[in-house]
Every structure is written in C-alpha cells, then in structure tokens.
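Could you build all of it, start to finish, from the sequences and the hints given here?
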Amino acid sequence: MLALTACGDGSASNPSGKSADGYPVTVASCGKEAKVAAPPRRAVSLDQGSTEILLSLGLADRMVGTGTWTDPVLKNLEKDNAKVERLADRYPSLEKVLAKEPDFVSASFLYTVGKGGVADRTKFTELGVPVYVSPTDCAGKDNDGGGDGKRVKTLTMDTVYGEVRDLAKVFDVEKRGERLVADLKDRVTKATKDIKASDTTLLYWFANSDAPYMAGCCGAPGIITRELGAKNVFDDTREEWPQINWETVADRDPDVLVIGDLTRRSQSAESAAAKIKFLESNPATKNLTAVRKKRYVLLSGQAMNPTIRTVDGIEQVAAGLRKFGLAR
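Here UniProt numbering is used: the first residue of the sequence shown is 1, the next is one more, and so on.
The reader is advised that the hints may include incorrect statements.
Quick list of in silico lysine-lysine cross-link-like pairs, DSS-like style, CA-CA up to 27 angstroms [said to hold, decoys possible]: (1) K231 / K293; (2) K190 / K175; (3) K96 / K79; (4) K196 / K294; (5) K79 / K175; (6) K35 / K100; (7) K75 / K293; (8) K196 / K323; (9) K75 / K190; (10) K123 / K100; (11) K323 / K293; (12) K294 / K231; (13) K323 / K193; (14) K150 / K32; (15) K294 / K277; (16) K277 / K323; (17) K83 / K175; (18) K185 / K75; (19) K231 / K193; (20) K83 / K100; (21) K150 / K115; (22) K100 / K79; (23) K123 / K35; (24) K185 / K323; (25) K231 / K190; (26) K100 / K115; (27) K196 / K231; (28) K32 / K175; (29) K35 / K115; (30) K169 / K123; (31) K83 / K96; (32) K75 / K169; (33) K100 / K169; (34) K193 / K293; (35) K277 / K231.
Since the hints were derived computationally from the structure, they do not count as laboratory data.
From a predicted model like this one, the values you see are computed outputs, not experimental measurements.
Have a look at this one:
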C-alpha cells in the first residue's frame, strides 16, 4: 500500500488558523462529536492504527506526535514516520501531549482516551482540542462489560473505510481518502480471488500463554475469516478477545493457527517464536493438528486489530491457506 503524496490534492494548509472553506467540520467520535474549525496543523495520534492512517494519507507534515505502538511501522511509511516525534512507546502523559500544543487528537481505542490511558477525552475537549476515536471500537460494540468489549454487531471493513474517510474529511484531503479506500478494496479483492476455504477452521491467538487471548467471532479476525470463507473455531462468542483455556482449544482442534507476532513486552508469549515454542512443548497443545503439521500464519498485532492492516491480515492468511493446500 502506497502512502499518498502530500501534493496535488488541493488540501487547505491554513497556516493563519482562520476558518477555511467548508469548515467547521464535525465527525462522529464514539458517542460524541469531534468538531474542527480548520484543517489540523498539529495533530497527535495516540494509537498506531490511527497513526498509520494519517501517514498513509500523506499527513506527516501536520503531525507533531504519536504514541502507543505495538509493532514497527509499515515499511512504506518509515520515512514519513521518522519525521514525527514518538512521544512514548505506550501511553504518553497528558502533559507531554499538551506540550506539543495539539489542535487535534486521534485514537483507535476508547481506552486510550479514557481512564487508564493517556487521559479522559473530556480533558482535551475542555482545552479546546477535538478528539476523534475510531468507530471500529464503538460502532456495534459494548465496552461496558470489562475486558476488550463485546461485538453486538459484526464488524466489517466498511467501518475501517469509514475511519479513513472521517480523517480525510477532517484534514481536507478527501480525494486522498478515496484513493486509499480504493487501494484497500482492490487488495482485498485480489487476496480473496478464487479462495474456497469453507472446510478450514482457524484459531487466532493474540497474546499470553497462561490465559491466552483468542479472537471471538466478530472483530478484525472475523473480517479476515469471513473474507476467506473459513471458520473461526471460537465464532460462538462475541467477546472481542476472550481468555480461553488450552483444554478448550484442544477440543476445538483448529486446522490453522493464526499467531500474533508482537514486539511489545507486556505479557507472556508476545512474539511468534515464543508462542510456537510454547505450542510445541505444552502437553495440552503439542498434539493439535495445526501444531503437528506446523500450520502457522504469523500476523502483526496491528493486523489483528481493526485497522488498515487488517487487509494485510487477509492477504497473509490467504497466502497461508494456499501454501497449506487448504484454499480449494
């Protein structure tokens, strides 16, 4: 996926700070509204998914800080990303964010701008800083029950595309947004062409070997599974990332294990290498079909979150199914 160039779009730079044509712009923000008076010039993105959308829209020159990283940035965005200060690998402090004098803040998760994250978003809005939270973390999702929430409605790529369009609208680069959406859709079409995997079962393991987080039916892994016509062995739960014991995993015995290859170090078995070592030595898992046949597909953490990288996940799992002879 190519990062979109910063020229040729008729984008309003608005260095004076005065209202631009078509502004103010208001977009929905997880139950609230984000209202911007002019195209942002000093944006801070507080989650990697949001950061990679802004960089893909060619907006590095309008970003003054990023935070909360799970993986290395996409290769094609490395040069632009290097231009933007990383405020913290995890959650930067509110003071550090405000020191950048942001005129717009974006986040992929409600938690990031809530209790336990950077700061409650009301603190930003009280200071006149609009906050945008991705619809992928709230549209059709119940976050009140603890954990990673529950999907009341099944997530689709349309919600991810909606986030791209929202951010493109906020920054007055809507043509770039449409080009990015078109590119993502084209990649999905190519990755899923002629795949028939209805007899194939998948299990998605994000992190933790003691009480593993496995994907439920209806988040980003659900998008991947449905696009490929396969079946998630835990599609009977709408929890985003339920913690499931290994005995239950053994009972479901998936054909393929889709494994999160994380670079963070906050839980056990973060890397794919650590996960595979555990799987091949643990008595409860070493005889799983997928383990015996070494049917592993490795995904970045971001590809297992609802972001533009979910398309990477579709491509990589499709390639794995073809490699294993399971994409009939």
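Hint consistency between K83 and K96 [alpha-carbon to alpha-carbon, up to 27 angstroms]
Since the Cα atoms of K83 and K96 sit roughly 18 angstroms apart, the hinted pair holds (cutoff 27 angstroms).
Could you grab the alpha-carbon distance between K123 and K100 and see if it respects the 27 angstroms cut-off?
Within the cut-off at roughly 15 angstroms; holds.
Does K115 lie within 27 angstroms of K100 when you go C-alpha to C-alpha?
21 angstroms, holds
Does the structure keep K231 and K193 at a Cα separation of 27 angstroms or less?
17 angstroms, holds
Proposed proximity, K294 with K196 (alpha carbon, max 27 angstroms):
Cα-Cα ~21 angstroms, so holds.
Given the hint that K100 pairs with K79, does the C-alpha gap stay at or below 27 angstroms?
Distance ~21 angstroms between K100 and K79 Cα, so the pair holds.
Under the criterion that the straight-line Cα-Cα distance not exceed 27 angstroms, is the pair K35, K100 satisfied?
The hint holds at about 20 angstroms.
Pair hint outcome, K231 versus K190 [Cα-Cα no greater than 27 angstroms]
Judged against 27 angstroms, a Cα distance of about 20 angstroms means the pair holds.
Quickly compare the C-alpha distance for K75 and K293 to 27 angstroms and report which way the hint goes.
Roughly 31 angstroms separates the two Cα atoms, so the pair is violated.
Starting from K96, check that the Cα of K79 is at most 27 angstroms away, please.
24 angstroms, holds
Holds or violated: are the alpha carbons of K323 and K193 at most 27 angstroms from each other?
The given pair, whose Cα atoms are some 15 angstroms apart, holds under the 27 angstroms limit.
Restraint status (C-alpha distance of K100 to K169 at most 27 angstroms):
23 angstroms, holds
When held up to the earlier numbered hints, the structure conflicts with hint 7 and nothing else.
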